[in-house]
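A.B. asks: Now for the letters of each chain:
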Amino acid sequence: MPMRKVMKGNEAAAWAAKLAKPKVVAAFPITPSTLVPEKISEFVADGEMDAEFIKVESEHSAISACVGASAAGVRTFTATASQGLALMHEILFIAAGMRLPIVMAIGNRALSAPINIWNDWQDTISERDTGWIQFYAENNQEALDLILIAFKVAEDERVLLPAMVGFDAFILTHTVEPVEIPDQEVVDEFLGEYVPKHAYLDPARPITQGALGFPAHYMEARYTVWEAMENARKVIKEVFDEFEKKFGRRYHMIEEYKTDDAEIILLTMGSLAGTLKEFVDKKREEGVKIGAAKMTVYRPFPIEEIKALAKKTKVLAILEKDISFGIGGAVFADTSRALINEKEKPIVLDFILGLGGRDVTFENLEEVVEISKKALEGEKVEEVNWIGLRKEIL
Amino acid sequence: MAVRKPPITTREYWAPGHAACAGCGPAIVMKLATKAFSEAMEEKYGDPNAFAIAHATGCMEVVSGVFPYTAWKAPWIHVAFENAAAVASGVEAAWKKLGRKGKILAIGGDGGTADIGLQALSGMLERRHNVVYLMYDNEAYMNTGIQRSSSTPYGAWTTTSPPGKYSIGEDKPKKWVALIAAAHQIPYVATASIGDPHDFYRKMKKAASVDGPAFVQVLAPCVPGWRTPPEKTVEVARLAIETGIWPLFEIENGDFHNIKFQRFPKDGKFKKPIEDYLRLQGRFKHLFKRPEAIQELKNQIKELWRILGKEVELP
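Top line first, the protein sequences correspond to chains A and B. With the numbering used here, the residue at position 278 of the first sequence is 294, and numbering never jumps. With the numbering used here, the residue at position 269 of the second sequence is 625, and numbering never jumps.
Be careful, since some hints might not be right.
Stated by the list, open to error - In the BS3-like style, the derived pairs of lysine-lysine whose C-alpha atoms are separated by at most 30 Å in a straight line are:
| hint | chain 1 | residue 1 | chain 2 | residue 2 |
| --- | --- | --- | --- | --- |
| 1 | B | Lys387 | A | Lys71 |
| 2 | A | Lys213 | A | Lys298 |
| 3 | A | Lys37 | B | Lys561 |
| 4 | A | Lys71 | B | Lys666 |
Stated by the list, open to error - Each pair of labels, with its calculated beta carbon distance range:
| hint | chain 1 | residue 1 | chain 2 | residue 2 | range |
| --- | --- | --- | --- | --- | --- |
| 5 | B | Lys627 | A | Asp66 | 55 to 61 Å |
| 6 | B | Ile364 | A | Lys213 | 54 to 60 Å |
| 7 | B | Lys531 | A | Glu260 | 57 to 63 Å |
| 8 | A | Asp204 | B | Glu482 | 20 to 26 Å |
| 9 | B | Glu482 | A | Ala237 | 57 to 63 Å |
| 10 | A | Gly342 | B | Lys531 | 40 to 46 Å |
| 11 | A | Asp66 | B | Lys658 | 28 to 34 Å |
If you are wondering where the hints come from, they were derived from the structure by calculation, not from laboratory data. It should be emphasised that the depicted structure is a prediction, and the values quoted were computed from it without experimental measurement. Each residue gets a CB set at the ideal place from its N, CA and C atoms; glycine is no exception.
Based on the sequences and whatever the hints tell you, model everything.
C.D. replies: Written out as C-alpha cells, the structure reads:
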C-alpha cells in the first residue's frame, strides 16, 4: 500500500531517489537543496539505500562524478540549485552529448548578483540549451513523481538524455505537504533495472567515450541529441500514460484549467500554477472568462500543445520567473516560436514576475489581467511587462 | 656486466597510430604507464585488463581519441579539462557497486592537474578513492600551443612568459603538485621521469598496487614546447635527474620525514651541472646571456631539496 507522509519538497526528491535505486549519488550542499543530499546520506547511513554516495568538493565535481558513474553503466542521481547548477554548466552539455541518462533534482533558485537564495527559474532556464530534458513540479507530490518519470524517460533507448526536475526554492523545497510514497515493488516494476547497451567502461569490452569530434563528425553527433530530444516528446507521453496506470496520477505536457471558453489564458510553470487555479476560480465568479495552464515539460518544448492551447484563447499571457536579457522571458520567446507559422494566433504577452522570491500576489495577477484586457480591446500594450516592480527604489 | 632490470610486459594498451609528435615524451608515458598498470592488475586481481582510464583534456587525450579512431585498448573516458579526478571518482564508485574488480587510472597534464584540475584532484585524494592519478608534466600548456602553467619552471620561455627587456621568461618557481598530493597523507606519492623508464615503471606498478589513492608526477619532455630535437627526449629527461633539477622520490602516507630517494648521489653532490640540462633546450636559450637567472634557478632547486630534507651541491 502506498504510504502518505507529510514532507518537504526536498525530502520528496530524496524519497524519489531512494525509490529509483541509483547506484551512485554525487552531490554538494547548496541552499535550498541541501536537504536532498542530507536525507540521502541518512538513507545510506541507515542501510535503506544501497548507493555509493560521493561527498564531492564542488558541484562541478558532482556532475563530473555522475558522468563517470553513468558512463560506467549505473543509474546516477544528483541534486543542486542556482550557482551550483551554473557551476555544472559545462558538464551538462557533455552529459547530454555523451547520452548519459543522469537525473538531477533542482530547487529552483535565483542567480547572483545580487546573491539571493529564493525562488525563480533563472537557474534551470539558463540550462535550457544543454540537451537536458526539463520538468517543473507544481507541488511536492509532483517533485517525487516527476523524478521517477524523469528516470524512465531518460533511460529509454529512444532518448538516452539526462533530465532535470525543478521545484521552487522554499515554496516547495521547504514547505511540508502530504505526499504519497509509492510502493517500492511498483516503482521497481515501473523503472526496472538500468542496463545500458551504449555506454559502460568494461575491461572485457573496452570502448572509447568522449572522443574528439572533427568538423566531419561533430554536427552529426549534435544532431543525434536533437533527434533524441524530439523522440522524448513521444516517450514522455507514453511514460505519463504508464505512470497513470501504475500510480493513478495523471501528467500532461501542458495541464489546462478552465480553458475551454477562456478569452485570456495565463500560462506558467511550477508552484505558481496552484495560485493561478485559485485566481481563475475567483475571476470566474466575477464573470471574467479566464483560464490557466501549467507547462510541466519545458524541454522538449511542447510545441503542439502550445498550438492547441493558443487556439482556445484570444490572449495568451505568459507568467514567468526568468528573464532573457535583451528579448524578454524565455518561455515567451519559445511560445512565440511555436506559434509563428500559425494562421490564427492569439495576442501573446509576457509577464516577468516573482524574481528572487518576490511574492506573486492576487494583486499582481489582477494587473496581468488588466493589461491582457487592454490588449484584447485593441489597445497597444508592452509585450514584456515587469509585474510587481518596486519603481520607488529604482 | 649486464645490469638486471625489471621486465616490462609485451601487452600494449597504447596502440601505434596515435597522432602525437615524433619524439613525444607524454606518448612514452602513456605506453609505459598502462603496461605497468596491467602488470599490477594481473598480480593483484589475476586480470591484466582490470582497469579503466579517465583522461583530462590535453595533448594525450586529443592525439589518442580522434573519432572514429582510438589509440586505446582499455576502457577510456574523456569528459573535460579540469575533472579527470572527479570523473575517475564516479567510475570507481560505480565499479564498486557493480562488484567489478580493478583500479581506475586518471591522467592529466600539468595544466589539467596543477592548475584547473587541482581542486578536483584534492577532492578525489581526500575522499580516498581507489584511483591512481598520473600527472604527465611537460611544464606548460602544450595542447594550446606552449603557454605557461604553474608547473613551468623558473626562467623558461613560453608564449605567455616570453623573455624580453623586462623579463627573463617565467618568473615564478615551479609548483610541485607531488608535494601537495603528499600533504593529503595518501598511501603513495612519487615523482618519476621517462629518463629512467624502469624507475617510472616500478613506481606506476607500486601506485597501482596500493589500496586507495596514489599520485605519480612524471617528467615528460615536449619536443615543440621545449625546443628539443625529437631524438633527445629521453636524454633530456635523464639529464633532469642527473643534474638534480628533477628529484626522484617516494612519499608514503604523507610521511615527509621518511622520503625515499632514487638516483640521489651519496655525497649530495650532483656531478653534472644544470647548464647541461638547460643547454639542450631552446626554451632556456636566453638564460645563457643571464647567468644570474641560472644562479637563481639553482638556488630554487637547492631550496626544493632542502624542503625535501637534503642538502645538495649543484656544480
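A.B. asks: A separate judgement is required for each hint: does it hold in the structure or not?
C.D. replies: Right, here's what the structure says about each hint:
Between lysine 387(B) and lysine 71(A), the direct Cα distance comes to roughly 33 Å. Violation of the 30 Å bound is thereby established for this hinted pair. Proximity of lysine 213(A) to lysine 298(A) is assessed by CA-CA distance (about 53 Å); at most 30 Å being required, the pair is judged violated. As the CA atoms of lysine 37(A) and lysine 561(B) are separated by approximately 36 Å, the hinted pair breaks the 30 Å bound. A distance of roughly 38 Å separates the Cα atoms of lysine 71(A) and lysine 666(B); the hinted pair therefore is violated under the 30 Å criterion.
Checked against the hint of 55 to 61 Å, the pair lysine 627(B) and aspartate 66(A) passes, with Cβ atoms roughly 59 Å apart. Distance hint check: the CB atoms of isoleucine 364(B) and lysine 213(A) are about 36 Å apart, inconsistent with the given range 54 to 60 Å. Range check, lysine 531(B) to glutamate 260(A): Cβ separation about 58 Å, and the 57 to 63 Å hint holds. One distance hint, 20 to 26 Å for the beta-carbon pair aspartate 204(A) and glutamate 482(B), is violated here, with the actual separation near 35 Å.
Range check, glutamate 482(B) to alanine 237(A): about 35 Å between beta-carbon atoms, so the 57 to 63 Å window is missed. The hinted range of 40 to 46 Å is satisfied by glycine 342(A) and lysine 531(B), whose Cβ atoms lie roughly 42 Å apart. At about 54 Å, the beta-carbon gap between aspartate 66(A) and lysine 658(B) misses the expected band of 28 to 34 Å.
Hints 1, 2, 3, 4, 6, 8, 9, 11 from the earlier list are contradicted by this structure; the remaining hints agree with it.
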